[in-house]
Structures are given as C-alpha cells and as structure tokens.
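**Q** Take a look at the letters that make up each chain.
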Amino acid sequence: MREQDIICEQNKVYSKSRILTDATMHYCPGCSHGVVHKLIAETIEEMGLQQRTIGVSPVGCAVFAYNYLDIDMAEAAHGRAPAVATAIKRLAPDKVVFTYQGDGDLSAIGTGEAIHACNRGESIVMFYINNAIYGMTGGQMAPTTLCGMKTATSPDGRDPKLHGYPYKIAEMLALLDGVCYVTRQTVASVTHIRRAKRAIRCAFENALAGRGVSFVEIVATCNSGWKMSPVAANKWLVENMLPFYPLGDIKNVKEE
Amino acid sequence: MTKIKGAVVIQTEQCKGCGLCVEACVSNVLTMSVNVNSRGYTYCLALNPELCIGCASCAVVCPDSCITVYRQKEESRRDEE
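From first to last, the protein sequence lines are chains S and U.
Every letter in the first sequence is one number past the one before it in the numbering used here, and letter 67, counting from 1, is 67.
Every letter in the second sequence is one number past the one before it in the numbering used here, and letter 64, counting from 1, is 64.
Extracted from the complex, chain S is given alone in its bound form (with noise of 0.2 angstroms):
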C-alpha cells in the first residue's frame, strides 16, 4: 500500500481547527500557547459554540489572540480581562465568555479583577497561563517564578528573603464561593495535553450551565525566557515546575 492511498478525507484522523485562523502565529518556536490556542479552538469547534463565543484577550504574549481565534474577540487593558469578561456576559447572558490570561496578567497586574470577578461568581471561564516568567518582555521574574530561578531580574535565582514567595493563585480562588471549578493542567506531553482538553471541555460546559466561574491553570514553558530548547524546557517544567505546581482538580463544585 503506498502512501498516497492513505492520504485521503475518510482516513483523515487530526487535523487544524476550523476555528485557528491561518494567520502564522508570533510566538517562539515550541511556545505552549500555540497548544493552549489550538486545544480552546478544537473544544470551541467540537462543541459548536463558535458563533457563541467571546474570548478576552490579556496584554503579555497572547495579546493578539483574537489574530488566531475565529471567534469573536475583545482586548482588555492589562489584567483587566475578568472585568471586561463580567460585562460582556452581563450585557450578552446567552454567550459563552472567556478570558486568557498569562502569569503576568492575571497573577500580578490583575490580582484584584480576577479575585473579584470570581468572588462574583460570573459565569466565564478564565484561563491562566503560567510559564513562571515574564516573557513577553525579556524574562523578568514573576510573582510565580520558582524559589531559585534565575531570570533576568534575578540573576542569582529567586530569594525569597529578598523577592517574596511564589504563589499558587489556583487554590486561593478555590477558596471562593463563586467558582465551581479550579483545575491545574499542563501541555507538556501527549498525555499532558488529551487531559487539559478534558479540563478546557469541563469549563466550557460549567459556562454553559452557569455555574459559575471556571478556573484552568495551564502551567506552561517559556523556552526563550527559560534559555533552553522547547524539549528541553518540557522535561525542566516536568521535573521543576510540576512539584510545586501539583496537576489535578483543586475544586469541582459539579462533582462535590
């Protein structure tokens, strides 16, 4: 059997979104929001929610978002994307809202909007990507950088006596009565990415049923802002990340 009999449509078992524009994305090669993207696209399309959905767009790296998603998009001041999001959904109950949020965005800059927005408990989903660095400008440290890693604004490593503790600010808003449902995820491996793809689809159906806010943390790699290659940044999340960053449901109100 040659190769060209294979390559038809009835064999065909995964291919691009409809929903991902083919605008070539600006991210580094081996950046994991090109998965996270690809993953909220493939959830949106299986779902059906295309002409449903509204996604909120964050300043930091995944600020021209709405360049790649076919969907109908807002950009909102920095961290302000929960804010945004609360009135989108107010003023369009029936659509399914969602923001996207790096470490910067959300767990710096927009502490107060995403703890107040969920606190409220408005029916959106937010995601919140966590690759522990600032990297859209240069690699600075974040608020959850790792105790001794080095960036560019910590160039002996994370000290806590001088920087501050990393937070984990999935289980505070666990805490929350307005969320239904906090997951940690990450995309690193085959595995990694099929389960966050269950996590995404959980959230949109919690949206869907507005049951309130639904929280996924995707813990991610910044390869250019780590310094490594991106197989090589994978296996560094795996094996330094993920210890502090356990995966898993931290809440799941629908389960409870």
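Don't take each hint at face value.
Claimed, not checked - A few chain S residues that face chain U, going by a derived Cβ cut-off under 8 angstroms, partial list only:
#1 Asn11
#2 Tyr14
#3 Pro29
No lab work stands behind these hints, which were simulated from the structure alone.
None of these values were measured; they are calculated from a predicted model.
Note that CB positions come from ideal geometry on N, CA and C, so glycine has one too.
Please arrange chain U on chain S, whose structure you already have, making use of the hints.
**A** Chain U in isolation, oriented as in the chain S frame:
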C-alpha cells in the same frame, strides 16, 4: 513491502522547527531537516514514513498545527488482504 497504516502531511512552510513532534513520535518517523524554509527555520520531515502508525501524537503536540495525520481504517485494510 512494509504495510503503511498511517501517514503525516507536514506544512513545512508553517513549521518553526521546535522539534516537539520528533520527540513525541513513538515510531521514529520524523526528523528535522538540514535545509531551512523560507522563514529561516529548519522543519520536520517524515524520514521513515513507512513506520507511521497514525497515532497523531506529533500533531497533538505541534504548537503551530502544521501536521495533518491520516490512518487507514482497520476494515479497509482487511479488505485488501
């Protein structure tokens, strides 16, 4: 001739050469090119296409969605035998 069960089609112009697909491939089908595409990136190539089992791991990990995977269905393979 070795029976092919799967096949990959790679958009080499979209590829940024991160190498995650080569790492994810369980059958050693893929490798990185020596040449570069028009944007200056090396790209992934199917070096041993006959080994492909169509598991789609390479496509799942690809951040730029440049791999399409095909797999021959079980029943249609049996028909040919």
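**Q** Does S/Tyr14 meet its interface restraint, that is, does its C-beta lie within less than 8 angstroms of any C-beta in chain U?
**A** Check passed: Cβ of S/Tyr14 comes within 4 angstroms of chain U, closer than 8 angstroms.
**Q** Interface hint check: S/Asn11, Cβ to nearest Cβ on chain U, cutoff 8 angstroms. Holds or violated?
**A** At about 4 angstroms, which falls below the 8 angstroms cut-off, the nearest Cβ of chain U leaves the hint on S/Asn11 intact, so it holds.
**Q** Please verify that hint: S/Pro29, Cβ, nearest Cβ of chain U, below 8 angstroms or not.
**A** OK, holds: S/Pro29 within 8 angstroms of chain U, min 4 angstroms.
Hint compliance for this structure: every hint is met.
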